[in-house]
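Chemist: Sequence:
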Amino acid sequence: MPVPSPAEDELLLRVDACGICRTDLHVVEGELPVRRSPLIPGHQIVGRVAALGSLVADFAIGDRVGVAWLNRTCGVCEFCLAGRENLCEQAMFTGWTVDGGYAEYAVAPAAFTYRLPDNFDDTQG
Numbered sequence: 000m001p002v003p004s005p006a007e008d009e010l011l012l013r014v015d016a017c018g019i020c021r022t023d024l025h026v027v028e029g030e031l032p033v034r035r036s037p038l039i040p041g042h043q044i045v046g047r048v049a050a051l052g053s054l055v056a057d058f059a060i061g062d063r064v065g066v067a068w069l070n071r072t073c074g075v076c077e078f079c080l081a082g083r084e085n086l087c088e089q090a091m092f093t094g095w096t097v098d099g100g101y102a103e104y105a106v107a108p109a110a111f112t113y114r115l116p117d118n119f120d121d122t123q124g
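Mapping to numbering that gives the first Met the number 0: the sequence shown position 60 is 59, numbers consecutive.
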C-alpha cells in the first residue's frame, strides 16, 4: 500500500498494532453496508506519529497514540455540540468509511487521536 499523506488536520501514523473486534468482522462479512470500496479495515489502532499535517500543533513526531472507531464528525450539529458525536449524521468511522489500521501506515484526524500512557503496552492501548 502507498503511504498516505496527512491532510492539514491529520497525523500520519506508523502502525504498531491494530486490534480486531466484532465490528471489523461485521464490515468484512458484509453485515454492515459497504460505505467505501476498496477499504483497509481495522479501527483499534496503536502507532507512533510519523508526520504532522500543517495545522497540527498538539502532537510531535514519535508520540505514541491510539485511534478509535469514531474518526471524524461535523462538529456543529446538535449531537456534536452536546458531546454526543457518536450520533452525528455526518460521522466517519475508522475501518468502515475511511481506511483503518491493517496497513503499515494510517492517517487520522488529530482531534480524534489520543496519546497513550507509557505504562500501557501496544495491546492495551
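Incorrect hints may have been included.
Quick list of the computed label-pair ranges, beta carbon to beta carbon [as the list claims (entries may be wrong)]:
| no. | residue 1 | residue 2 | range |
| --- | --- | --- | --- |
| 1 | A6 | E88 | 27 to 35 Å |
| 2 | G18 | E77 | 25 to 33 Å |
| 3 | D120 | V75 | 18 to 26 Å |
| 4 | N118 | E88 | 16 to 24 Å |
| 5 | R35 | L86 | 17 to 25 Å |
| 6 | D57 | D15 | 17 to 25 Å |
| 7 | A67 | P3 | 24 to 32 Å |
| 8 | S4 | S36 | 19 to 27 Å |
| 9 | V2 | T96 | 18 to 26 Å |
I should point out that these hints are in silico values taken from the structure, not numbers from a laboratory.
For each residue, glycine too, the CB sits at the ideal point set by N, CA and C.
Chemist: Take the hints in turn and mark each one as holding or not.
Modeler: Quick rundown of the hints versus the structure:
no. : hint                      : verdict
1   : A6 with E88: 27 to 35 Å   : violated, 21 Å
2   : G18 with E77: 25 to 33 Å  : holds, 32 Å
3   : D120 with V75: 18 to 26 Å : violated, 37 Å
4   : N118 with E88: 16 to 24 Å : violated, 38 Å
5   : R35 with L86: 17 to 25 Å  : holds, 21 Å
6   : D57 with D15: 17 to 25 Å  : holds, 20 Å
7   : A67 with P3: 24 to 32 Å   : violated, 18 Å
8   : S4 with S36: 19 to 27 Å   : holds, 21 Å
9   : V2 with T96: 18 to 26 Å   : holds, 21 Å
Violated hints, listed in ascending order, are 1, 3, 4, 7; each of the other numbered hints is respected by the structure.
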